[in-house]
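Protein chains: 2
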Amino acid sequence: MKDADTNHAHRLAGRPASQRKIADILAAARVEFFANGFSATTIEAIAARAQVSKVTVYSWFKDKENLFGQVVQTEVAHMRENFVPENLAEKSLREILLHAALGMLDFLLRDDRVRLERMLAAEMARDPTIGKMFLENGPLRMAEGLKALLRASVKKGEIQSDDLEASAEMFAGLVMGRMDLLLRYGHKYKMTAADKEIRAKRAVDAWMLIHQP
Amino acid sequence: MKDADTNHAHRLAGRPASQRKIADILAAARVEFFANGFSATTIEAIAARAQVSKVTVYSWFKDKENLFGQVVQTEVAHMRENFVPENLAEKSLREILLHAALGMLDFLLRDDRVRLERMLAAEMARDPTIGKMFLENGPLRMAEGLKALLRASVKKGEIQSDDLEASAEMFAGLVMGRMDLLLRYGHKYKMTAADKEIRAKRAVDAWMLIHQP
DNA sequence: TTTTATTTGTACGGTTGCGTTCATTTTGCT
DNA sequence: AGCAAAATGAACGCAACCGTACAAATAAAA
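First to last, the sequence lines map onto chains A and B. Here the first sequence stands for residues 5 to 217, numbered as in my numbering. Here the second sequence stands for residues 5 to 217, numbered as in my numbering.
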């Protein structure tokens, strides 16, 4: 196993590492892991999909566990990108929340996310660390952003709340309901954009009502 | 593999089946599966824990998959028992909801439930049927009960709702928030009875406010 | 006591898949 | 051109574990 970062200043000669292959392996691993989970996925299948020899896989990644971890980490990081909270003073709180709710719905409904969560749940028995990592980089981080927004709004007197944590959680609860549960267990939602807006609006209205000054 | 129900009227002689052993096997399987998940659990470990030979396991259960299915089914049935909704005309809606919310919280926090859900999520890739079974016997059934209660309350004019489905979901969302998510990924809650009551009350208050006539 | 089904221990066949070794080939840099 | 590292293919050791076969022991009913 070489090193993941191949920025060795002292490389002088020799065949350079093919970043393309490494990326291919990660992409292939993603597909296989997402489809079959950890234990049911074989390194050979990953190598085949990446059009790479098994030895090459092992030359870049220590073992199956390591490869899995990198896939998850990449995925979580990627998910995080899509969650840049609207940090603008232009719009009203209601508009911001509505936008956030719609974003949440879209995110929830992504098949990628559903599969990732199934995998993570499965791996909690083997490696509890991965759960903590996921929480801290995903849901908890998002919650902090929301709480910051709410704190500012409380200060401005737009809303009232004696427990920001609970308020943020209520918002998430109102928007999601039990969609994540149903999705995890295979329920197929067929929501149009209009459906999402109805749901988002209902959640925001309810939340605003609860928190009106 | 014999038959699971040994009520053969025509048994005449021979060593009778030991129901105790069968029960032991199921109990042991439950422990092992819950701790390690499906693939990481071995039949030998189950046999050892049940103090039974591996052959005996296979004589009562077709294979690993079958045994797993029976464990899950038993578990779901057991969960269902604990969800007899207060069908009483004595108490007020608020009291009923409060009681239901507290019940939900206790249920959510059970370690058994968390582990079971992790397992099920893991097995969705292998056998999607199991998800449907779980939903129908668990969450969806509970939702129906709640909806029936709400429907009656709407009729009595105690509350108003133009979408019972959404209202029921909101209730669940307000009570649970994201507890189930955090629990699934290893977060440890240390809630006292008082904490639970605070949370339940907050959720019920919010829900009642949203649905006041 | 005889009968008959249950239970056990041991052993085995078969499969799967991880991770490694090694000789060989490919590829780009200097 | 020549070097050095990357990549390959094939083969292997190894461990785990499923499911089965078989012969022997056990236990309760007839």
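Please note that a few of the clues may not be correct.
Note: identical chains are not told apart, hence a pair may lie in one copy or across any two.
[Claimed, not checked] The calculated lysine-lysine pairs, modelled on DSS-like cross-linking and capped at a C-alpha distance of 25 Å, are:
id : residue 1 : residue 2
1  : LYS194    : LYS68
2  : LYS200    : LYS136
3  : LYS160    : LYS25
4  : LYS159    : LYS66
5  : LYS58     : LYS68
6  : LYS58     : LYS151
7  : LYS200    : LYS25
8  : LYS205    : LYS25
9  : LYS136    : LYS194
10 : LYS25     : LYS136
11 : LYS95     : LYS66
12 : LYS25     : LYS192
13 : LYS58     : LYS205
14 : LYS151    : LYS200
15 : LYS200    : LYS58
16 : LYS200    : LYS66
17 : LYS95     : LYS205
I should point out that these hints are in silico values taken from the structure, not numbers from a laboratory. In this text the structure is predicted, and so the values were computed from the model without any measurement.
Outcome of the hint check:
1. LYS194 / LYS68: Neither: 36 Å inside a copy, 35 Å across copies.
2. LYS200 / LYS136: between (30 Å within a copy, 24 Å between copies)
3. LYS160 / LYS25: Neither, since 53 Å and 67 Å both go past 25 Å.
4. LYS159 / LYS66: neither (51 Å within a copy, 64 Å between copies)
5. LYS58 / LYS68: Classified as within: same-chain Cα gap 11 Å, cross-chain 30 Å, threshold 25 Å.
6. LYS58 / LYS151: So LYS58 and LYS151 fail the 25 Å test inside a copy (47 Å) and across (54 Å) alike.
7. LYS200 / LYS25: neither (39 Å within a copy, 52 Å between copies)
8. LYS205 / LYS25: Intra 45 Å, inter 56 Å, cutoff 25 Å: neither.
9. LYS136 / LYS194: Only across copies: LYS136 and LYS194 sit 17 Å apart there, 32 Å inside one copy, limit 25 Å.
10. LYS25 / LYS136: neither (30 Å within a copy, 39 Å between copies)
11. LYS95 / LYS66: neither (49 Å within a copy, 62 Å between copies)
12. LYS25 / LYS192: For LYS25 and LYS192, the Cα distance exceeds 25 Å both inside one copy (35 Å) and across copies (41 Å).
13. LYS58 / LYS205: neither (51 Å within a copy, 57 Å between copies)
14. LYS151 / LYS200: both (23 Å within a copy, 22 Å between copies)
15. LYS200 / LYS58: Cα proximity of LYS200 and LYS58: none, with 44 Å in one copy and 52 Å across.
16. LYS200 / LYS66: neither (43 Å within a copy, 45 Å between copies)
17. LYS95 / LYS205: within (16 Å within a copy, 33 Å between copies)
Violated hints for the displayed structure, listed by number in ascending order: 1, 3, 4, 6, 7, 8, 10, 11, 12, 13, 15, 16.
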